[in-house]
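Those protein sequences? They're chains A and B, same order as listed. So the first sequence is numbered by numbering that gives the first Met the number 0: it starts at 0 and just counts up by one. So the second sequence is numbered by numbering that gives the first Met the number 0: it starts at 0 and just counts up by one.
Please keep in mind that the hints were generated in silico from the structure rather than gathered at the bench. Do not rely on the hints blindly, as some may be mistaken.
[To be verified] Simulated pairs of lysine to any residue, SDA-like, Cα-Cα distance not exceeding 25 Å:
id, chain 1, residue 1, chain 2, residue 2
1, B, Lys783, B, Leu765
2, B, Lys538, B, Ser4
3, A, Lys53, B, Phe687
4, A, Lys151, B, Ala15
5, B, Lys583, B, Ile563
6, A, Lys53, A, Ser13
7, B, Lys156, B, Ala771
8, B, Lys583, B, Ala626
9, A, Lys151, A, Thr78
10, A, Lys53, B, Glu688
11, A, Lys53, A, Gln81
12, A, Lys53, B, Ala15
13, B, Lys541, B, Gly585
14, B, Lys583, B, Asn459
15, A, Lys53, B, Leu696
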Amino acid sequence: MGLSLTVNGDRLASAADPTTPLVDILREELHLTGAKPVCREGFCGACMVLIDGKPTPSCLMPAALADGCEIHTVEGLTTHGQLNRIQSALEASDAVQCGMCFPGMVVSLTHLLTTRPDATREDIRAALTGNICRCTGYERIVDATLLALATK
Amino acid sequence: MSDVSATMDFRRRDAADKLRGRTRYTVDRYLPGMLHAAVLRAGVPSGRIVRLDTSRAARMPGVRAIVTAADAPGMMGIGIADHPLFARDVIRYDGEPLAAVAAGTLAQAQAALAAIDVEIEPLPAVITMADALASDAPLVHPNWRDYEVLLEGGARKGNVAWEATVVRGNVDAAFARADVEIIESSFRVGRQNHVAFEPRAVVASYEDGRFHIETSTQVPWGIRNATARLLGVPPSQVRVTVPPVGGGFGLKFDLAIEPFAALLARASGRPVRLVNSREEEMLTCLFRENADVRIRSAVTRQGDIVGREAVVLMDCGAYGGEQIFLTTMTAHTLGGNYRLGSVRLVSRALYTNTAPNGAFRCCNGVYNTFALERHTDEIAARIGMDPLLFRRRNVLGDKDLGATGQVFEADVLSPMLERMDTLRDAAAPRPARTDGRLYGRATTVGTWFVFVGPSAATVNMNADGTATLVTSGVEIGSGSMMQGLPQIVASTVGIPPESVVVRAADTDAAGYDVGVGGGRTTVSLGAASLSAAQEVRAKLLKVASEMIEAAPEDLVMRHGRVEIAGAPGSGRTVAEVATYAQAKHGPVSGTGAFTGTGVPAMPGCVAGHFIDAIDMPVFAVHDCEVAVDPETGHVEVLNYRVVQDVGRALNPRAIHGQIQGGVVQGLGYALHEEVTMGSNGRVCQSGFETYRVPLALDVVPVEISLYEGAPSMGPLGTKGAGEVPILNVGAAIACAVANATGKRIQELPLTPPRVLELLLDRKRDLTLPHIAEAWADNLVRPHKTPQGNA
Ligand code: FES
Ligand code: FES
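Pulled out of the complex, with its shape left as it was, chain A reads as follows (with noise of 0.2 Å):
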């Protein structure tokens, strides 16, 4: 029995074991290595994809789950190769270091800016605490989802 996956607006076929976790199939079959499976453990959001919309660690997900579910990864958000607005607002804020938790900041903080359009600074934080990063110290990120915010 063959898995059928939406990634990104494509339908595709894996025969994968479904008990595959649906990182390793999103990188090792498709290819999209945007999502990194960093902890593995659920906590640091480095592999976050949206799962009908709704931003989700692939790295505990049997890929069984996501069956018939919309995926999308960070290679989706961009529309034509163009930075999304809190894509934009982290390269301009310079927020960017070594970059491995940034496809997982992305996919949790476009979902915020669409569900929390009045979100305040502690808002972020919290929303944050999902996704881990150890080099940045948080600041730049925060910073530049305000300036998301600001840029309807």
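Keeping the supplied structure of chain A fixed, place chain B with the ligands upon it in accordance with the hints.
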């Protein structure tokens, strides 16, 4: 030299792809036909390998190659070659590699590991440094005398892997003076895990009789040379290339898993991918070492430090590795802050049956600064002097001597302390404190240094007016390669920084380099790049002068043009000049090389040091305010300020980002990051659930002031800025918490349970009975006292 300032607000060109998830780190590389590897690791801290039989594993499905100690004859190390790639007969730590397997899939490789027949006879283990120093301690390396010594000078014996000493002046006489108070303090810190987000990862292949290693490292040349040594091949048979690195912090400054993949690639004839699991990273990461420190000072009531002695015990784990080198740092991190009448220090790396430790951002400095600054506050309290006044009075200034007798240049810390006063005074006063919490503030100083060493660079001028910078530098996230270096080249040849292409590190393409770390990228690689760019500039100016018919000295290069000075719009574009030059004289390129010039120490002061004196001191002043909840022991950081000596800031925004990030990593060290060791010698924190790094809710915005103008041999007056921010965070937080609670703080991190114990007076004073009372009794070999240094 250049007509455009190198100071720019230049954004990172690698950000957009990183934000799109397009950047291919080593961990994202999958080559066609590639095999997957896994490493079998020992599950005991100490033992003898009775049997290791891979024949059953070799018949498992998908298995293409298995390698063991027999395949890697060499030994590696810094200072002493004490480390084989695989355990040979003897196991010295839990997690030590025994064999590596390559198979069609990772699952097959892991299944094969389980099929390797191993029989191990457990041996008694030495888990703590106190165990290691016990008179009847088993030796982690019974044959330590047989190892090849790579650098002469360190004393060694039994479980003392290396010992470095400093003696300047007569400390005994200072301590015997009638007019001094003697203050003694003891400290202990645990290990810290880097938690670089990209684990160590490698893809190796064997092509045309040479190894090609693509790896996530900070030291391409180090990997090339060490891999060759272990494999017993000439270094020229190894090529190392480095894709963008997903975080280093020093973790990737040493050889890791590269040789396993290289051996498997040769044995199988296929590319081999090997990636550490997070658990492997957590358990064997080359942590920041745990350390025990005792400092004793003789201080006059007027506040002069007339004598100081210290014993620093550093746990190197099962193999010497970088700790051997890091024993050097104590002389500079404990002895480069304050004026000392006389001083003696010993720094000892001790073997234990635990996972080896390594370098981590401001290695050795963070805990020595913590110890020194707490000790300084204890001194000030004893002699009844304001701690800030004591610091102002004693910080090293122009012509003062460091511990090893080197002469420091210029007053830097003093004006930095003044700058901090101004920052602090300008802050809005906090509202009344009526929430029952305990409040405290502290200002601390710290001294670090840029580790210079050799670097090389080539700049190739392209006919389209761009320049390609070829170095062995690696972009590990700090932006030095993506911002600082292109800015230096661009300003020299008058083109925009966007027009400088930065070649990824490749040991076949670029010259030798010590590696990206120790704050050296902008300094060493920057200096080499500057001199390469200057050669290009001189060549272009010569050609342009032919084209424009003006003397080269009348020309300027700016905004992509070579023009007659004072006549904007005159002359030609850089691209036109480059194209003409290429056609007429051949392609234009320049090369540059750099290394530290070396600053002298006082003769006879040091023994066993890798660096006797520091070429480039870097200073930092940190100030913070905390609130401690007496009910829970929770420490909240209310504000944090940094004045950092940067020499000259080429890209202030990038430096600010490094400081914010470094301080937060330091807050983790100060407040909750702790690696503990079970009695079985196994690290207890195996993942993110048990090892708590700072989250967005834990941080404060850091208020930053960059102090420019201190003397520097760095290009354009720069110093490294990315390493230093973590240096005195532990110190500042500890001093602030001590001030808030009135308790003696001797250990980090200040987790809520630990703070609560202090508040409830349940914590007894830390004693370090394995440090001998008399300083000299802590030495394997007495420090020879030369003439004139008595
Ligand atoms: S890898 Fe999935 S949350 Fe960390
Ligand atoms: S930028 Fe490195 S982990 Fe966030």
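Going down the list of hints, with the structure as the test:
Restraint check for B/Lys783 and B/Leu765: not satisfied, since their Cα atoms lie roughly 32 Å apart, outside the 25 Å limit. Taken as a hint, the B/Lys538 and B/Ser4 pair is honoured in the structure, with Cα atoms around 20 Å apart against an allowance of 25 Å. A hinted pair counts as satisfied when its Cα atoms are at most 25 Å apart, and A/Lys53 with B/Phe687 qualifies at roughly 23 Å. A threshold of 25 Å between alpha carbons decides the hint, and for A/Lys151 with B/Ala15 the separation of about 20 Å falls inside it, so the pair holds.
Restraint check for B/Lys583 and B/Ile563: the C-alpha separation of about 22 Å stays at or below 25 Å, so the hint holds. For the given pair, A/Lys53 sits about 22 Å from A/Ser13 by alpha-carbon distance, which is consistent with the 25 Å threshold. With a C-alpha separation of about 16 Å, the suggested pair B/Lys156 and B/Ala771 falls inside the 25 Å cut-off, and the hint holds. About 70 Å separates the Cα atoms of B/Lys583 and B/Ala626, which puts this hinted pair outside 25 Å; it is violated.
Taking the CA atoms of A/Lys151 and A/Thr78, the gap is about 17 Å. The hint holds against a cut of 25 Å. The straight-line distance between the Cα atoms of A/Lys53 and B/Glu688 is roughly 23 Å, inside the 25 Å bound, and the hint therefore holds. A hinted pair counts as satisfied when its Cα atoms are at most 25 Å apart, and A/Lys53 with A/Gln81 qualifies at roughly 22 Å. For the hint linking A/Lys53 to B/Ala15, the alpha-carbon distance of about 24 Å falls within 25 Å, and the restraint holds.
As the CA atoms of B/Lys541 and B/Gly585 are separated by approximately 14 Å, the hinted pair is consistent with the 25 Å bound. Pair hint B/Lys583 plus B/Asn459 holds up; C-alpha atoms about 16 Å apart against a cutoff of 25 Å. Annotation: proposed proximity of A/Lys53 to B/Leu696 holds, straight-line Cα distance about 22 Å (limit 25 Å).
The structure does not agree with the numbered hints 1, 8 stated previously, though it agrees with the rest.
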